[in-house]
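**Student:** Read off the chains here:
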Amino acid sequence: MTPVGRFLVRRALLTIPVLLGVATLVFSLMHLVPGDPAQAMLGDGASPQDIAELRASLGLDRPLASQYGAFLRQALAGDLGRSFRTGQPVTEMIAERVPATAELALAAMTVAILLALPLGIIAAVRKNTLVDHAAMTFSLAGISIPNFWLGPLLAIVFSVEFGWLPVSGRGTVAHLVLPAVSLGLALSAILARMTRASLLEELGELYVRAARARGVSPAAAVLGHALRNSLIPLVTIVALQFGAVLTGAVITETIFAWPGIGRLLIQSIGFRDYPMVQGCILLIAVTYVSVNLLTDVLYGVLDPRIRLE
Amino acid sequence: MMRLGLIIVVVVIGGALFAPWLMPWDASVQDLPNRLQGPTWQHWFGLDELGRDILARVLLGARVSLAVGVIVVGVSSLVGMIVGAVSGYYGGYLDQIIGRVMDVLMAFPGMLLAIALVAVLGPSVTNVVLALAVIGWVGYARLVRGQVLRAREFEYVVAARALGAGTVRLLVRHVMPTALPPVLVQATLGMAGAILSEAALSFLGLGVQPPTPSWGAMINGGRVHLLDAPHLTIVPGLFLAVVVLGFNFLGDGLRDAIDPKKGV
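So the protein sequences, as listed, match chains U and B.
Per this note's numbering, the very first residue in the first sequence carries number 1; after that it's consecutive.
Per this note's numbering, the very first residue in the second sequence carries number 310; after that it's consecutive.
To be clear, the hints were calculated from the coordinates, so they are not data collected in a lab.
Yeah, the Cβ is synthetic: ideal placement off N, Cα and C, and Gly gets one too.
Hints are supplied without guarantee of correctness; some may be wrong.
Said to hold, decoys possible - Facing chain B, according to a computed beta carbon distance under 8 Å, are these residues of chain U, among others:
no.	residue
1	8
2	25
3	32
4	250
5	285
6	288
7	289
8	293
Let's have the full structure, built from the sequences with the hints guiding it.
**Tutor:** Printed below as a string of structure tokens:
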């Protein structure tokens with residue numbers, strides 16, 4: 001097997017115990033419910049017969065090991081049970097919401113990259129000047145402003161005052177702007193800081209000075225030489241921040257009534273629809289693990305040094 | 310910036326500690342005829358949907374936020390330091406097992422696991438603290454483990470071991486002090502994170518329950534009145550953002566002071 005092939009197989013194999021651990025933790029969630037989950041789902045007024053029926057349908061009347069085995073088998077087959085609220089299969093309901101969340105996450109990451117790259121580049125090139133300090137203060141402010149506050153603020157200005165953008169829902173590109181900006185801003189702040197740090201490191205390298213000595217213009221030396229190399233670690237940061245985007249989406253979707261998985265999760269928590277909660281959490285975690293795996297693989301393929309570690 | 314951060318943090322802690330004496334109004338007194346009133350000379354930040362003074366509620370909310378932050382950071386850092394030190398010092402199977410547990414916890418993005426835990430345990434401040442500590446210790450453990458791995462090979466540590474120092478003495482007296490500065494930085498930034506997370510959970514209705522004031526819950530409550538009384542949303546959010554910014558400034562400054570190379 002080629003070194004790349006060996007690296008890919010090893011990296012993929014390492015993911016299996018993590019996924020098993022994630023599934024185990026998600027399975028245990030239902031058993032962390034204080035008292036009887038079936039009782040909690042049905043409420044205090046439920047008859048003992050209803051509770052017994054729900055316990056049977058959730059498999060709670062079986063031994064724990066058998067429940068666990070069944071959960072793993074069914075999850076592998078893509079069966080996460082049925083929603084307590086609607087009776088629909090959990091996977092079916094989640095699948096309906098995936099495009100909305102994917103659209104929001106991609107839009108937010110695009111906003112973040114479009115804001116962060118110029119900001120980080122300017123800050124690095126103009127290191128220790130007023131521009132740099134302003135860019136980094138803006139960036140720290142961006143990290144500190146919670147998206148559940150920024151969202152309503154943006155809505156006050158752009159929807160209520162100016163009437164330019166719809167305040168909630170999904171459909172047109174206009175609907176996407178406010179959720180994407182409120183979700184992407186914090187990410188852009190982190191990325192801008194990383195871009196600056198990564199670019200500063202490259203700007204100090206000899207090859208950049210050599211390029212300048214050969215007569216390459218300052219802009220070409222930064223954009224054509226240093227930036228290209230500084231982008232490699234940034235790919236990892238973007239991928240790692242994907243998790244923050246997924247969590248942020250839970251809140252952003254709630255604020256803007258965006259019909260994605262995050263909103264489904266919060267609604268399901270409200271209805272104590274535990275199978276649905278488990279399904280949403282499992283899907284988000286598995287997506288996150290997969291994105292990290294893909295990033296590692298991509299990084300290893302691009303940079304042979306990583307494969308040797 | 311570090312100085313600004315320190316000033317913000319000191320002012321907020323002072324404000325929270327002395328809230329009962331600073332508050333011009335009782336946070337629970339309702340002035341229903343004047344509900345949703347904007348800022349006035351009497352009520353600097355206006356009244357909320359039940360006619361309660363927003364400044365008084367924000368000050369009380371600061372107590373909740375800071376208390377949650379301190380407990381979460383305290384518990385997470387203590388557990389993380391112990392686990393990280395044991396894992397890094399002993400290595401072997403124990404390190405492997407702890408490493409896998411941390412991998413699984415890190416496989417959940419950000420606050421998702423906290424949301425899940427509070428969702429099943431039920432919304433309350435105690436469960437918020439528990440959930441945030443469950444996800445919080447991992448960062449400290451990884452940090453300390455790395456430091457301990459490095460420090461256990463230092464000559465003075467090897468010398469102390471050769472002189473017959475016991476494991477606990479070695480860890481506490483010689484190894485752990487090298488890990489404390491980065492832990493302090495992480496704890497300061499962790500305060501910002503814990504305060505934000507508590508506010509986010511309360512915003513989602515999973516954290517502090519009414520009538521106890523919490524910044525997150527206040528922002529959420531204000532959303533219904535975005536059109537007629539935006540100050541209900543703006544004021545608690547502004548306080549939250551400034552406090553988080555203060556801790557971030559302070560943590561950033563501390564990091565630069567401890568290790569200027571890492572200053573981003």
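**Student:** If a hint holds in the structure, say so; if it doesn't, say that too.
**Tutor:** Outcome of the hint check:
Restraint check, residue 8(U) versus chain B: the minimum CB separation of about 19 Å is more than 8 Å; hint violated. The closest approach between the C-beta of residue 25(U) and any C-beta of chain B is roughly 6 Å, which is under the 8 Å cut-off, so the hint is satisfied. This hint holds: residue 32(U) has a C-beta 5 Å from the nearest C-beta of chain B, less than the 8 Å allowed. Interface hint at residue 250(U): satisfied, since its Cβ lies 7 Å from the closest Cβ of chain B, which is below the 8 Å cut-off.
A least Cβ separation of about 5 Å between residue 285(U) and chain B falls short of the 8 Å threshold, and the interface hint therefore holds. Because the beta carbon of residue 288(U) sits about 5 Å from the nearest beta carbon in chain B, less than 8 Å, this interface hint is met. The restraint placing residue 289(U) at the interface with chain B holds, with a minimum CB-CB distance near 5 Å, inside the 8 Å limit. Of the supplied interface hints, the one on residue 293(U) is violated, with its beta-carbon coming no nearer than about 10 Å to a beta-carbon of chain B, more than 8 Å.
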